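> On the provided structure of chain A, position chain B as indicated by the hints.
Protein chains: 2
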Amino acid sequence: MRIGIIGGGAVGLLTAAYFSKNYDVTIYTRRHEQAEQLCTYGVTVICGDEQTTHRVNAKPFVRETEEDVLFLAVKQYDLTNILETRIHMLQANAIVFLQNGMGHVSYLPHLPHDHIALAVVEHGALKLDDTTVSHTGVGQTKWSVWKGEKETFSFLSSTSSRFAFQYVAHWETMLLEKLMVNIAINPLTALLRVPNGMLVTHEPYRQAMKQLFCEVASIFQLDQRERIWQHIETVCHQTAANRSSMLRDIEAGRRTELDAILRYVIEHAHKQHISAPITTFLYALVKGKELEGEKKK
Amino acid sequence: MRIGIIGGGAVGLLTAAYFSKNYDVTIYTRRHEQAEQLCTYGVTVICGDEQTTHRVNAKPFVRETEEDVLFLAVKQYDLTNILETRIHMLQANAIVFLQNGMGHVSYLPHLPHDHIALAVVEHGALKLDDTTVSHTGVGQTKWSVWKGEKETFSFLSSTSSRFAFQYVAHWETMLLEKLMVNIAINPLTALLRVPNGMLVTHEPYRQAMKQLFCEVASIFQLDQRERIWQHIETVCHQTAANRSSMLRDIEAGRRTELDAILRYVIEHAHKQHISAPITTFLYALVKGKELEGEKKK
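Heads up: the protein sequence lines correspond to chains A and B, in order. For what it's worth, numbering that gives the first Met the number 0 labels the leading residue of the first sequence as 0, then goes sequentially. For what it's worth, numbering that gives the first Met the number 0 labels the leading residue of the second sequence as 0, then goes sequentially.
Hints may be right or wrong, so weigh each one.
Heads up, the list lumps identical chains together, so a pair's fine if it works in one copy or across two of them.
The calculated DSSO-like cross-link candidates involving lysine-lysine, where the alpha carbons are at most 30 Å apart (straight line), are [claimed, not checked]:
#1 K294 x K209
#2 K209 x K270
#3 K295 x K209
#4 K74 x K126
Bear in mind the hints are in silico, worked out from the structure with no lab data behind them. It should be emphasised that the depicted structure is a prediction, and the values quoted were computed from it without experimental measurement.
Chain A with its partners taken away, still in its complex shape:
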């Protein structure tokens, strides 16, 4: 079976490396240079004291794909662009989405593919250069079927224990739970420039996060609020020293996934005629920081 991976970021490289042992993997990159580097040097994964290098194919993403299964491992804002203008290039029997957020769900009914799975990545990963990714936190990837047969995706269970996939029955619950984690942790850590742990160990920040959580939970009419809140606190403790991806994006003056996360909440609230004062306020503050960074560039 041939696997195609759209996106040469941290998640794309990590996924490519771990599937390359058993499958023929091709990474589709935005830049020619990265594709050339990957063909020459392979993907190197650093995990703890270990460093392993994996042979992969790579091409710039300019023509139709030719694999059986495609992983979409681009950021939410690049994905929107692909789904709006380049769906025809995504030739495959089955497709797996690896995005945070829920912005892409509305596009799914327009896809021609027979088998579509959604997944959320709960690993820590940091891209060090075009061919090297540091697997900073071994977690798992939850996945669920949006359309088609579960068996099509049975190959997911063949990966190493360091990159395990766990099946979840309800895709909506899965995405919403991950979205709640991202909403609670990412924008606040980016604004305050603190590692994840501070959101639970520093009481004023915990209160701010709780206030935000309660507002968003009401907007989504979330079930099992107490359990999900505890899950968020656990994630903060387990990743206490981590700097969230949004914080790293802000510090590097890069575009963030803010729109996929908070903009989505604001639009959802708007449609339901619910006010979202805290989410709107926080969105403006972090968007301001993002644009400050882009101006400096």
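Only chain B this time, still in chain A's reference frame:
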């Protein structure tokens, strides 16, 4: 006429210097060393290219005052402490409060003084050391009578044009307007670590400030909202390069006037059974930054 000034901070030193030309001025300080320094070296004011030094008396604030008029030039949180435990030490015929915020107003009915004035300082001032203050922005000081006769305070009009006093009929409007300016500018600049001008030139920040302003204006059932909003925008433009006192306090790891400003709003909202989501959220974020700074010390 003898003038006493409680507090050897930027506002206290500036006030002492400008009144010392025509009056016998004594500064009451918290620390013995500052009082000694002031007696030896006087107060030096740097304003533009000019530097002037003014003879003053100074004492640590441990006994009753002996002057005719007292200026209270301490921060809101120190003032609360004085008003709760040391009112008997404030011996004078008349008293002038120089605080931002409105936290002290509830104490005024308990004061035995016959003449009480309230004032808001609209100067830029930066204390450089125990005897030196930089007058970074020449503005004015608005004042109003809370109790007693206006004539008692006629000496206020005798100061130099660089330190002018402007009489205002309604003390509540005056304080509320100044409070609105501080609410809009101080906590946001401290959290975002930006100079005042960014709050109007950077659109996302302007939107966040507007959202905060609207919430607080509703809580106080503010009249003339459009005029006050425009006044706030003007202050941001006029002091565009300034770093607010709260931002400087946060950067130096000092306690801020956050409680006098946002805590006051939250309590006011609470008493009236109005929700204050944005104010509460912003309070938690800035309080968190304040405590982070104190921990590092």
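> Confirm or reject each hint.
Status of the hints after comparison with the structure:
1. K294 x K209: Between copies only: 23 Å across chains, 32 Å inside a chain, cut-off 30 Å.
2. K209 x K270: Answer is both; intra-copy 24 Å and inter-copy 23 Å each pass.
3. K295 x K209: The answer is between: 25 Å across copies meets 30 Å, while 33 Å in one copy does not.
4. K74 x K126: within (14 Å within a copy, 48 Å between copies)
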